[in-house]
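S.K.: What follows is each chain in one-letter form.
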Amino acid sequence: MTIYTMTIITKNEARHLLKQMMQIRQFEDAIMDLMARNIAEGGSHLYAGEEACAVGAMAAIRKDDYITSTHRGHGHAIAKGGSLPELMAEILGKETGVCKGKGGSLHLADVSKGNLGANGIVGGSIGIATGAGLSIQLRGADQIVLCFFGDGATNTGLFHESLNMAGKWKLPVVFICENNLYGMSVSVERACAVNDLTKKAAPYNMPAECCDGMDVLAVKDTVAKYAALARKGDGPAFIVCNTYRYYGHSRSDPRIYRTKEEEKSWRDRDCIMAFGRKMQEQTVLTEKEVADLEKEVTAELEAAVDFAIKSPDPKPEELYRDVYFEM
Amino acid sequence: MTIYTMTIITKNEARHLLKQMMQIRQFEDAIMDLMARNIAEGGSHLYAGEEACAVGAMAAIRKDDYITSTHRGHGHAIAKGGSLPELMAEILGKETGVCKGKGGSLHLADVSKGNLGANGIVGGSIGIATGAGLSIQLRGADQIVLCFFGDGATNTGLFHESLNMAGKWKLPVVFICENNLYGMSVSVERACAVNDLTKKAAPYNMPAECCDGMDVLAVKDTVAKYAALARKGDGPAFIVCNTYRYYGHSRSDPRIYRTKEEEKSWRDRDCIMAFGRKMQEQTVLTEKEVADLEKEVTAELEAAVDFAIKSPDPKPEELYRDVYFEM
Amino acid sequence: MREITYRQALNEALSEEMERDQSVFLMGEDVAVYGGAYGVTLNLMQKFGEKRVRDTAISEAAIIGAGLGAAITGMRPVVEIMYIDFMGICLEQIGNQVAKIRYMFGGKTRVPLVIRTEGGAGRTLGAHHSQSLESWFIHVPGLKVIMPATPADAKGLLKSSIREDNPILFIEHKMLYNVKGPVPEGEYLLPIGKADVKRPGKDATVIAYSRMLYSTLEAAKRLAEDGIEVEVIDPRTLLPLDMETIAESVRKTHRAIIVEEDTKTGGTGAEIGMQIMENCFDELDAPVLRIAGADIPMPKSAVLEKLAIPDADRIYREIKSLVM
Amino acid sequence: MREITYRQALNEALSEEMERDQSVFLMGEDVAVYGGAYGVTLNLMQKFGEKRVRDTAISEAAIIGAGLGAAITGMRPVVEIMYIDFMGICLEQIGNQVAKIRYMFGGKTRVPLVIRTEGGAGRTLGAHHSQSLESWFIHVPGLKVIMPATPADAKGLLKSSIREDNPILFIEHKMLYNVKGPVPEGEYLLPIGKADVKRPGKDATVIAYSRMLYSTLEAAKRLAEDGIEVEVIDPRTLLPLDMETIAESVRKTHRAIIVEEDTKTGGTGAEIGMQIMENCFDELDAPVLRIAGADIPMPKSAVLEKLAIPDADRIYREIKSLVM
Ligand SMILES: Cc1ncc(C[n+]2csc(CCOP(=O)(O)OP(=O)(O)O)c2C)c(N)n1
Ligand SMILES: Cc1ncc(C[n+]2csc(CCOP(=O)(O)OP(=O)(O)O)c2C)c(N)n1
Ligand SMILES: [Mg+2]
Ligand SMILES: [Mg+2]
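Chains as they are written, first to last, in this note's numbering: chain B, 1 to 327; chain Y, 1001 to 1327; chain A, 2001 to 2324; chain L, 3001 to 3324.
Fair warning: there could be bad hints in the mix.
Said to hold, decoys possible - Under the rule of at most 30 Å between Cα atoms (straight-line distance), these lysine-lysine pairs were calculated in the BS3-like manner: (1) A:Lys2051 with Y:Lys1113; (2) A:Lys2320 with A:Lys2221; (3) B:Lys225 with L:Lys3051; (4) B:Lys232 with L:Lys3047; (5) B:Lys260 with A:Lys2047; (6) B:Lys170 with Y:Lys1199; (7) B:Lys232 with L:Lys3252.
Claimed, not checked - Quick list of the computed label-pair ranges, beta carbon to beta carbon: (8) B:Asp196 with Y:Lys1295: 55 to 65 Å; (9) L:Leu3042 with A:Lys2194: 30 to 40 Å; (10) Y:Asp1196 with A:Lys2194: 49 to 59 Å; (11) Y:Asn1038 with B:Ser112: 52 to 62 Å.
Quick caveat, the hints were computed from the structure, so don't treat them as lab data. For each residue, glycine too, the CB sits at the ideal point set by N, CA and C.
Let the hints inform the model, and build the full structure from the sequences given.
M.R.: If you want it as structure tokens, here you go:
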């Protein structure tokens, strides 16, 4: 079990963090269920297990800050303030979805909430995040960007090109690598020349730090530290959150590349359980409060799923709409 | 002036190194002249100033080893045993050129001599070099690959993808960065988040070392060390040779991005002058021998230029030949 | 004849060629331990070892570059790019290096490299996992482009591709992997660059490849019930294109239709249609018809996705109104 | 009217738009200190400062990605890719991200991004610096593709592009930078998606763009001496294509020729020709003729390079034998 340092945390904040993590977990579990019932089609890369990363990171930034997300982006979208019904409807490709049913799981985005989008291309958002950072710098704004990506993405060329640009120009971007040990079936050990992913930032003149991605407060503190630096013009940083995805890479994944023991050892450190327990130990939340929260979230998710299922499909005339902006 | 450590070197080797450097210098000067006379058309990125890199590196490997080269590739081609007349004819796009006049300056290659080619794309050869290393490893051969590229190329995605692959698989590739301080007009300082380019290899689990790219023996010794490691299966290495190109990036370059003083300070350390002087100081070569060598090379170049100019253009029927291999 | 799936046919082709020739090896993302995102390379690592079946990092450009480097130094690599949608990452390496190196080097090298990938829509995966980008590649001289539709064609053409000394882009279709069909046992090779008449007919020539072949054959069956006999030709190789077989058919039927899944504008149908016009203008009773994908990024919605690409119904209707 | 070069026209367009709108900025390799490999951005850094005219590292994918990120967060970037030959490095970012983001996000964003590049042969630079790859991009829905030939079109279209809320690929030609032509002083905007009749005629319609416009106009002059009056149309925008203007002309002349510098197979001429067939089949007296580049990597040799792309001579001869 993770050893938490004592952190001063308000009831409200504890509730918020725990609730968001629960929302994400239940969101993903609901999708598993919808897939099993053949209601959700297509690919969905589930974030279950990694909730502390998105929730901790987002708790460290402002509403008007930007994020970019990944193919495993449901958690980021929820933590960045996305509406559960709209997100769920998007997963089902419905008209009421946050992208009108045109994006789907791989392209969840809501620019109005600062979420510049999930991406079907591994590493595909890292340049976009860098450009958002450049835009902030050019506009003289004091926003920042959190750029999420996986361990696998650190092997893409675009990752390196972008970090070099951000490092050189001191752009306000915090790069967050969610290291869940695998890129699909290929482990970090088999894909990367080094296992210590903080080394990936060595050529880019930015601080790099590892943190426990199963500990929402550890993530929050680490991100907060570098977000503050970025915000005051000190440039980017690279954070590696060690975490784990509970489900397979995608629905059809038999997970032959990892062991049941490994899976169990990570589930034993589950971020929601651990944080709930800790908040109770620290008497920030009561057992009942935690249980009530869970129920509250269950009700929210039921409503979201219901909304999504009942929502209509996009109308045929949507097919050609929004390919271009028309004056 | 560079301080040389005493190295035991035979007359033959000294002659060989000096001669190759002279060949390259005179080759490039001949092209400058041909361009001024509008006989050479198209782009030519001249290697003058950087001769010690190619010559030193090639002196450290075997004939059956491979190299990959760059847009600034005349020096590599000559040092890897290319024939001066064939190379000069190729620059002029003649039928007798090493690539039958179809490649030109940007694509000098001679697979039969282990030169897997110059490249019009910055960084474009780095994957090819990596694949040649993989091929060696798979075939169980004891060859190695030298992969040349510039400082600018270290900012390309392909550089990073390739080094990661080579580092992970311990491929027998020595990556040689010819750091001439600029990628076209953009200095390393303005392009790269770090100035110390050896840091670029930090994520790739390979040794990285800087050497004086104006000192042919320093280059040779450094390359020899890592070539030996690669050959015995210890994997790749990254070498940065600090050097300087005398001419502009290309013919039309007014060189406003650098100072006359900077140019002079490097010319004062000219690799040919310095090595010639040193060989005389160490009584390996006499003044007359050096002068004779120079004359010998001048005659060779005259013959090469003459051959190239007199060679016929490719015949029209060459246009469609060799797009595909036909059984 | 025994029936096996398209996936098995491909797997057999790889396995047989690896057995036959030690210089053949496989490399790509998740091709080894996982057996390929769509299972095409299942069990090959177990059979041939980790040296010859290699998982790579997510580095598409390096995969192609390294494949090329190995191909010109004695090996016969078969590399995989998981989705054709990712090709934009490595198109520089394919277009500038792989396809041009032989010509640029004055014919002094050969490039026995096969690049396998898959494309197409049908799984509601959205805009980054549903594209048909073959037309980018038919615009790359030096490359050959193959898109088999049937298990037998998949096997015969993949085996021939691996033995070919030119670089091949071999494009599979994600919706065909489970399709079964007859495939001869043992050694089975097909010529590259040869179209196949999949259904004879006299009233119109329909050119269809990859997944669209199936929708087209279904439409052809329904048209036959209406008394319209269309000849269905699968070019199988898109570059070089077997215009002889196509033109011969068009000269007989006087009508041509191209069915393609890719977005219409700038698509492969434009080239095929244009070549038909160039070769058979005086024989044409009607303009060549393109039945193609909508000019849009592929939407996630299953309903919209279905509308975005041709199906048997639409093919049937459009051909019928052309021929009647 | 005053005459300025194509290069100056582009430079003016950039300068004026940067003065007009603080959110416009430039970024690319060697665009600032050097002023651009072909001098298009000369003096703009001096005028607008290093913040708004930015030299980047050699990182084409990041240039596009960063341009996109800036475009959807309040800026109007104009980014440069030095040669169109390098596009294969960043085509994923252009094709998957830049062009699709608006649609994928349900219309919730706009992409005011201009990607400037240049292409074409003529300087004997060989296979990696001489390509014409526009047809890859007309196959990318969501993008607009512009290829101006004259200084006035260059200026008017670049200014409109910078003000447009859709992503634009703006392709210049390396052999046109020194070409002079009349350009109105001051504010001058041209509509995107509108073809221009560059020479009126009645005997055939010739569609030519970018550098080929000049060779075509030269051929047209010689044809006129032979009594053949061809109408020369420059589409200027290749995506979306102004088929109305072209079709109207073809309905009048009954003959169409496309002159294109790119390699023929899978080229832009295929799409234009196919659309002409679709729109004007019954009006055509002859098949649409493509006069195009050879299907080869561009050879270095000046002699071969000249043979590889159409010139006025060949255009003259081929049109003459079609029309006679
Ligand atoms: C450029 C690219 N290559 C390959 C893929 C296929 N793919 C999708 S997710 C994935 C693994 C990504 O690993 P990582 O970045 O660690 O993220 P994770 O899935 O572990 O969250 C792969 C290979 C892709 N979508 N994009
Ligand atoms: C991918 C790519 N981008 C840009 C260019 C244009 N270009 C040619 S050489 C060069 C500079 C290369 O710098 P460096 O790698 O340091 O090599 P050097 O010229 O200094 O030897 C540039 C930008 C190119 N050829 N390829
Ligand atoms: Mg991962
Ligand atoms: Mg340099």
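S.K.: Now tell me if each hint is right for this structure.
M.R.: Hints and how they fare:
1. Distance check on the hinted pair: A:Lys2051 and Y:Lys1113 sit about 28 Å apart at the alpha-carbon level, within 30 Å; holds.
2. A C-alpha spacing of about 12 Å is found between A:Lys2320 and A:Lys2221, which places the hinted pair at or below 30 Å, so the restraint holds.
3. Of the supplied pair hints, the one linking B:Lys225 and L:Lys3051 holds, its CA atoms being roughly 27 Å apart against a limit of 30 Å.
4. Restraint check: the Cα-Cα separation between B:Lys232 and L:Lys3047 comes to about 28 Å, which is no more than 30 Å; the hinted pair holds.
5. Using a Cα cut-off of 30 Å, the hinted pair B:Lys260 and A:Lys2047 holds, with the two alpha carbons roughly 25 Å apart.
6. For the hint linking B:Lys170 to Y:Lys1199, the alpha-carbon distance of about 18 Å falls within 30 Å, and the restraint holds.
7. At roughly 66 Å between alpha-carbon atoms, B:Lys232 and L:Lys3252 are farther apart than 30 Å, so this suggested pair is violated.
8. A C-beta distance of roughly 57 Å is found between B:Asp196 and Y:Lys1295, which places it inside the suggested range of 55 to 65 Å.
9. The hint said 30 to 40 Å for the Cβ distance between L:Leu3042 and A:Lys2194, and at roughly 54 Å that hint is violated.
10. Checked against the hint of 49 to 59 Å, the C-beta distance between Y:Asp1196 and A:Lys2194 comes to roughly 57 Å, which is consistent with it.
11. A hinted range of 52 to 62 Å holds for the C-beta pair Y:Asn1038 and B:Ser112, which are about 59 Å apart.
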